[in-house]
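Engineer: According to our numbering, the sequence shown is numbered sequentially starting from -18.
List time: in silico EDC-like cross-link candidates among lysine to aspartate or glutamate, alpha-carbon distance up to 16 Å:
hint, residue 1, residue 2
1, 98, 320
2, 98, 321
3, 98, 314
4, 98, 318
5, 98, 311
No lab work stands behind these hints, which were simulated from the structure alone. Just so you know, these numbers come straight off a predicted model, no measurement behind them.
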Amino acid sequence: MVNRTPDPLPPPLQLRPTSGRSLARCYRYLRRYRPIVAGAYALALVINGLNLLIPQLIRQGVDQGLHPGALPILAQAALGLLLLTLVKGFLSYRQSRWVEQASQGVAYDLRRELHQKLASLSFSYHDHAETGQLLSRAMQDVERIRFLTGRATQRLVEGVILLIGAAAFLVAMNPLLAVLALMTMPLLVWRAIHFSRQYRPFSTAIQQQLGVLTTRLEQNLRGARVVKAFTQEVAEIDRFEAENTRWFDLAARAAALRSVNAPLMVLIINLGVVLIIGYGGWLVIRGALTLGELVAFSTYLSLLADPARRVGLITPVIADAVSAGERIFEILDARSEVEERPDALPLPPVRGQVRFEDVSFSYLGRRPVLRRVNLAAEPGQVVALLGATGSGKSSIINLIPRFYDPDEGRVLIDGWDIRQVTLTSLREQIAIVMQGTMLFAASVRENIAFGRPDASEAEVVAAARAAQADGFIREMPEGYDSRIGEQGVTLSGGQRQRIAIARALLSDPRILILDDATSSVDTETEIEIQQALEHLMHGRTSFVVAQRLSTVRGADQILVLDRGRIAARGTHAELMRTSGLYAEIVQRQLRPEAPQ
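Generate the whole structure from the sequences, applying the supplied hints.
Structural biologist: What follows is the structure, given as structure tokens:
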């Protein structure tokens, strides 16, 4: 256990207008399920109406059935109680089914919206978002809203119905005794509000810390090989333990608040019971109140005690849900820096001409990484990008499929400003093969056909053969049906790259982007990948972040970038004569051609 001093207490809750709006927005997700919600709360009226009849049956049984010869009346009251219980049980079952169905629907809709939103947000959002925080919001926070819109609200509504109904019966039976019985209600309400103000900051802090824990765990699982390779298991365990201890401290203090609140609520309720028993008993002795009425009063007060206890339990649930809602709506309301215009047109099939006109670009408004870049690639040309780390190579290839938008200037494909066309029609005509190939925990076939799920078996196999991948795929235990581990960990680097190339081939793009696709494989694998890449690049406009001398020599034009500007351009022979920077890069950075 990591020793640590407790964090300072969160500040007292300041109720903000956004809290009410977040709560109202959570409930708006029930609109799709209005019929069953209306049915559930109509049943709540009936069920609690039956609950309010029970004390009257008890009153009748006590006042009229506890006399010699009054057994039929007592039996009638007992039978009535039995029938009421049976009817209540059936109606409660149906009500619970409807409430649960509606709340599960809310959770389904929220998670679907979250997934759609996260998929639509531009790269700039994901550049600074933490995966663990996003997972926490999609799972734990949605679950809190599900409980709020389901069981919590059901109990709260039932409590309000019972409170109003029981108060009406009490006043009708004996107004003065009713006033005494209800005197504790304002105190209960005050206590509930005060508890909410204290508890809400803990709820927010606990949910944030769950996101931190999820992030830490997710990173450790993804980086398990790195952790083990650098023998950092103990250090990572200590880091996780520190974050887990912080969560435990927050959760323990929140539990301490709840443990104080519940007995206080019961104490306040029991004060009302004492008043009823004391004053009511005196009225019975005087003959101003029957024993049955006193028992009925006590029963109604116990009915009131239940919703009062529910308020104590539901208040933290509401506080949790408001915090969860604010975290979820923060994602749903996020603006994507890359947005499709309402009047965007589908990009027709292109030849592959790409132009940059005075393009400047920076990440998150920081220091510019591209400065007034101009370039033109004709259909079918191979353009090699060279430069030191941070020179702007990746920024250029990220602007072509519009993962980001330039700060100034424009990017055109076949004369179309890419900001004027739909994102789908643009990206369908571009394929990307990255150094860090992303494969999914699915079959080989599903990974190859990821961009074209409707592709036939013959098309998938043909793409794999062209990518020099068919041979090793057929050697796998289940061939094309073999499952690939998460991120392709069950495959070698070269195998992952060839599956990525097959995926790109199957999409049949007009524009191809290759980002250092052979930098981390052995010579023999590099030859196979290079053959696949040559097949893939044939007849397509290709942008290559080059690491091999042979790739540079074969390029139609080479762009040498330096601090966000194009410092030199031309063919290999031209640049070797005219650019000292290019000659230096060739000597220091590029690997010689692999032996054939």
